[in-house]
Every structure is written in C-alpha cells, then in structure tokens.
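Using the sequences provided together with the hints, build the complete structure.
Line by line, the protein sequences are chains A and B. Quick note: the first sequence, position 69, residue 77 per my numbering, numbers continuous. Quick note: the second sequence, position 229, residue 307 per my numbering, numbers continuous.
Hints listed in this document are in silico derivations from the structure and should not be mistaken for laboratory results. Please note: incorrect hints may appear among the correct ones.
Unchecked claim - To spell it out: a stretch of chain A is covered by chain B in this simulated footprint if at least three of its residues, at any positions, have a beta carbon under 8 Å from a beta carbon of chain B; those stretches are:
(1) 10-20
(2) 23-32
(3) 51-63
(4) 81-91
Unchecked claim - Straight-line Cα separation of at most 27 Å, DSSO-like style, residue types lysine-lysine; simulated pairs:
(5) A/Lys77 / A/Lys89
(6) B/Lys204 / B/Lys220
(7) B/Lys161 / B/Lys144
(8) A/Lys50 / B/Lys119
(9) B/Lys206 / B/Lys188
(10) B/Lys206 / B/Lys196
(11) B/Lys160 / B/Lys181
(12) B/Lys158 / A/Lys88
(13) A/Lys49 / B/Lys116
(14) B/Lys116 / A/Lys56
(15) A/Lys88 / B/Lys116
(16) A/Lys88 / B/Lys155
(17) B/Lys160 / A/Lys88
(18) A/Lys77 / B/Lys134
(19) B/Lys84 / A/Lys62
(20) B/Lys135 / A/Lys56
(21) A/Lys77 / B/Lys144
(22) B/Lys181 / B/Lys164
(23) B/Lys220 / B/Lys206
(24) B/Lys144 / A/Lys89
(25) A/Lys41 / B/Lys196
(26) A/Lys41 / A/Lys56
(27) B/Lys135 / B/Lys119
(28) B/Lys196 / B/Lys214
(29) B/Lys110 / A/Lys41
(30) B/Lys134 / B/Lys144
(31) B/Lys144 / A/Lys88
(32) A/Lys13 / B/Lys84
(33) B/Lys110 / A/Lys62
All values derive from a computational prediction rather than experimental measurement. Note that beta-carbon positions come from the ideal geometry of N, C-alpha and C, so glycine has one too.
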Amino acid sequence: MDKDKWINIALGVVILAAIFSGRYYYSQSTETKSSIENVQKKIDQIHKNISDLKTGVNNLGIRPLTVEKNRWERQQEQLKKELNSI
Amino acid sequence: MDALLKLFAALTVVWAGWMYFLNSDSETELRKIRNELKVAKGELGEAQANYDAEVKKRDTLAAEVKNLREQNQQLEKDIKTKKQEKRERAEQERRDRMAAEAKAREESRKAREEQLAKMRQEKEEKLKREEEEQRKQEEEWKKQEEEETAKYESARSERQAAAEVNDLQHEINSSNEIMRRYLTCRAYGSGNEDYGQIDSLKRRWTQTVQTCIKVANEGNEKRLRSSSKMLKDTADALNRISAGGNTECLNDATRVIEEAQRIVEAKKRLKKLNAGKR
Numbered sequence: 009m010d011k012d013k014w015i016n017i018a019l020g021v022v023i024l025a026a027i028f029s030g031r032y033y034y035s036q037s038t039e040t041k042s043s044i045e046n047v048q049k050k051i052d053q054i055h056k057n058i059s060d061l062k063t064g065v066n067n068l069g070i071r072p073l074t075v076e077k078n079r080w081e082r083q084q085e086q087l088k089k090e091l092n093s094i
Numbered sequence: 079m080d081a082l083l084k085l086f087a088a089l090t091v092v093w094a095g096w097m098y099f100l101n102s103d104s105e106t107e108l109r110k111i112r113n114e115l116k117v118a119k120g121e122l123g124e125a126q127a128n129y130d131a132e133v134k135k136r137d138t139l140a141a142e143v144k145n146l147r148e149q150n151q152q153l154e155k156d157i158k159t160k161k162q163e164k165r166e167r168a169e170q171e172r173r174d175r176m177a178a179e180a181k182a183r184e185e186s187r188k189a190r191e192e193q194l195a196k197m198r199q200e201k202e203e204k205l206k207r208e209e210e211e212q213r214k215q216e217e218e219w220k221k222q223e224e225e226e227t228a229k230y231e232s233a234r235s236e237r238q239a240a241a242e243v244n245d246l247q248h249e250i251n252s253s254n255e256i257m258r259r260y261l262t263c264r265a266y267g268s269g270n271e272d273y274g275q276i277d278s279l280k281r282r283w284t285q286t287v288q289t290c291i292k293v294a295n296e297g298n299e300k301r302l303r304s305s306s307k308m309l310k311d312t313a314d315a316l317n318r319i320s321a322g323g324n325t326e327c328l329n330d331a332t333r334v335i336e337e338a339q340r341i342v343e344a345k346k347r348l349k350k351l352n353a354g355k356r
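As structure tokens, this is what we get:
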C-alpha cells in the first residue's frame, strides 16, 4: 500500500513536473518564436535598408557627375591650350 | 487507475519532452537568426558607410564639377578678354600701320611733288635757257642772214645796177647817136622847125640820161621810174617833132621811141629783180 502510495505520489510529482516543465517550455518556445519573428522582421528591414542604400548609391548620380567632370576637365584642357595659343 | 495514471504520467512526460525539444529547436533557430541579424547589421553598417562614402564622393565630385565649371567659365572669360585684347591690339597695330603708311605715302607724295616741282622748275629754267639761247641763236642767225642777205643783195644790186648801167649806157649811146643823126638830118632837112625847141629837147635828153645813169648807180627804183617816164616823154616830144620830117628822120624818131621803151623795159626788169630779192 505504501509502495503504491509512494509510486502514485511519485507519478503525481512526475506528472506535475512534466506539466509545469512542459508548460514552461511551451511558453518559452512561444516567446522564442515571437522573438524569431521579430528578429526576422528586423533582418528584413535591414535588408530593405541595405537595398535602399544600394539603390540610393545608384541614384546619387556619381556616374553622370564623373562623366561631367571628365567632360569639364577635357574642356579645361582645350581652353588652357587655346588660352596659351592666343 | 494506476495504469491510467501511469499512462497520463508518460504522456505528460512525453509532452514535456516534446515541448523541451521544440523550445530547444526554437532557441537554436533564434540564435541562428540573431547571428543573421548581426550579420545583416554589419552589412547594413557597411552599406551605410559605403553610402556615406558615395555621398561624400558625390559631393566631392559635385564640388569639383562646380569648380571646373567655374574655372572653365573663368578660362572662357580670360580667352574672350585675351581675344578682345588681341583684336584691339591688332586693330591698334593696323591703325598704326595704316597711319604710318599714310604718313609714308604723304611724305612720298610730298617728296615726289617737290621733286616734280624741282624737275619742272629745272625743266622750265632749262627750256627758258634753251629758248633764250635759241632766241639769241635765231637773232644771231637772223642777223647773220640779214647781213648775208644784205651783203648778197648789195652785191646783187651792184651787179644788177652795173648791168643796168651798162645796158643804159649802151642805150644812151645809141640814143645819142640817133639824136645826133636826127639833128644832122634836121639841119639839112626842111629847116622849118624850131631849133630852140630841139636844143631844149637835147639838153633835156642829156640831163635825163645822166639822171638815169645816176639812179641806176644808186639802185633807186622810184627815181629810175621817174627818169624813165621823163625819157618816154622826151621820146614822145621827139616823135611829135618828127611828124613833119622826112622818112629817114621819122624812122630815126621811131627808133628813139623804141629805145625809150627799152629803157622802160629795163626799169621793169630792175623792179622784178628787186621783188625777187625781197
């Protein structure tokens, strides 16, 4: 009787421990998933920002400015030659 | 009851284990995704830095382009100014050159005019001198010619006068002979004539002949003409006197008249000679 009692008590403890630990791990898992989603959102936002930055870099107009600078430099050389030739 | 409890306990443990597994898997995934987040943040930082660098580069380029544009504009202004100065300098040089050329032309023209005036003056003086020399020469020639002509005419007149004198002398001698024969004829003729008138005619005849000789020696045409007229008148008077004489005397008177006419002809020849001499 006692043995069964103790077994039952043990089983009850195990059951309770399992329930609490399962509940704990469940809640932890839920929080972790939520965190994962948040982090994923952050990562997506970061990727979007990176993409925006790259797009912004392309839209800065450095290439036309470079072309224009080269054109002005060539023109300046021609002007200097012309000025010297006068 | 025990079995049911055991089963419930087993299920509870399994469920708890499953929850643990799920939790550990989620945590693993969370760590993984946090690493990804860290990597993404790093990429984002790099992208941001790159973007900032590109922006800075863009600003630098824009500033350089602006500077280049301003420098080029300044260069264009300098070129324009220099060209303008060059044009003005060229224009000034051209004006100076034209002024110098005009001055040189003016000086050349003045020098040429002065030279021409000098040459003209020299030419005029030379022409004047030549004209003066020519005039003197002509005067000298004229003088020489006049002298030669006068000399020639004098010699010619002398020759002509001498010839005329000879002719007149011959005619006069002939007339004198005729007159002598006429007087002789009248002395031995009818004797009805007035001897005084005959003597007067004789004197007159002689005087006239002497006058003719003198005039012929002088070469005076007018006086010779007058003397010839006197001779003719005398011949006419003799002709009238002989109208009542004999045939021989009449013939002699006719010859006297003819001789007188020959004297007149001699006068005409003298006149022609004088005309040809002039």
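**Q.** 27 Å limit on alpha-carbon distance, applied to hinted pair A/Lys77 and B/Lys134
**A.** holds, 15 Å
Q: Could you grab the alpha-carbon distance between B/Lys110 and A/Lys41 and see if it respects the 27 Å cut-off?
A: Given pair B/Lys110, A/Lys41 holds - Cα atoms ~12 Å apart, limit 27 Å.
Q. CA of B/Lys181 to CA of B/Lys164, is that 27 Å or under?
A. Cα-Cα ~25 Å, so holds.
Q. CA of A/Lys88 to CA of B/Lys155, is that 27 Å or under?
A. Distance ~12 Å between A/Lys88 and B/Lys155 Cα, so the pair holds.
Q. Given the hinted pair B/Lys161 and B/Lys144, is their alpha-carbon gap at most 27 Å?
A. Given pair B/Lys161, B/Lys144 holds - Cα atoms ~25 Å apart, limit 27 Å.
Q: Mind checking the alpha carbons of A/Lys13 and B/Lys84 for me, to see if they're no more than 27 Å apart?
A: Given pair A/Lys13, B/Lys84 holds - Cα atoms ~13 Å apart, limit 27 Å.
Q. Going straight from one Cα to the other, do B/Lys144 and A/Lys88 come out at no more than 27 Å?
A. The given pair, whose Cα atoms are some 17 Å apart, holds under the 27 Å limit.
(Q) For B/Lys160 and B/Lys181, compute the direct alpha-carbon distance and say whether it is at most 27 Å. (A) violated, 30 Å
Q.
What's the verdict on B/Lys144 and A/Lys89, does the C-alpha distance respect the 27 Å limit or exceed it?
A. holds, 21 Å
Q.
For B/Lys84 and A/Lys62, compute the direct alpha-carbon distance and say whether it is at most 27 Å.
A. violated, 62 Å
Q: Mind checking the alpha carbons of B/Lys158 and A/Lys88 for me, to see if they're no more than 27 Å apart?
A: holds, 12 Å
**Q.** Proposed proximity, A/Lys62 with B/Lys110 (alpha carbon, max 27 Å)
**A.** Given that 27 Å is the threshold and the Cα spacing comes to 26 Å, the pair holds.
Hints 11, 15, 19 and 25 from the list above are not met by this structure, while the remaining hints are.
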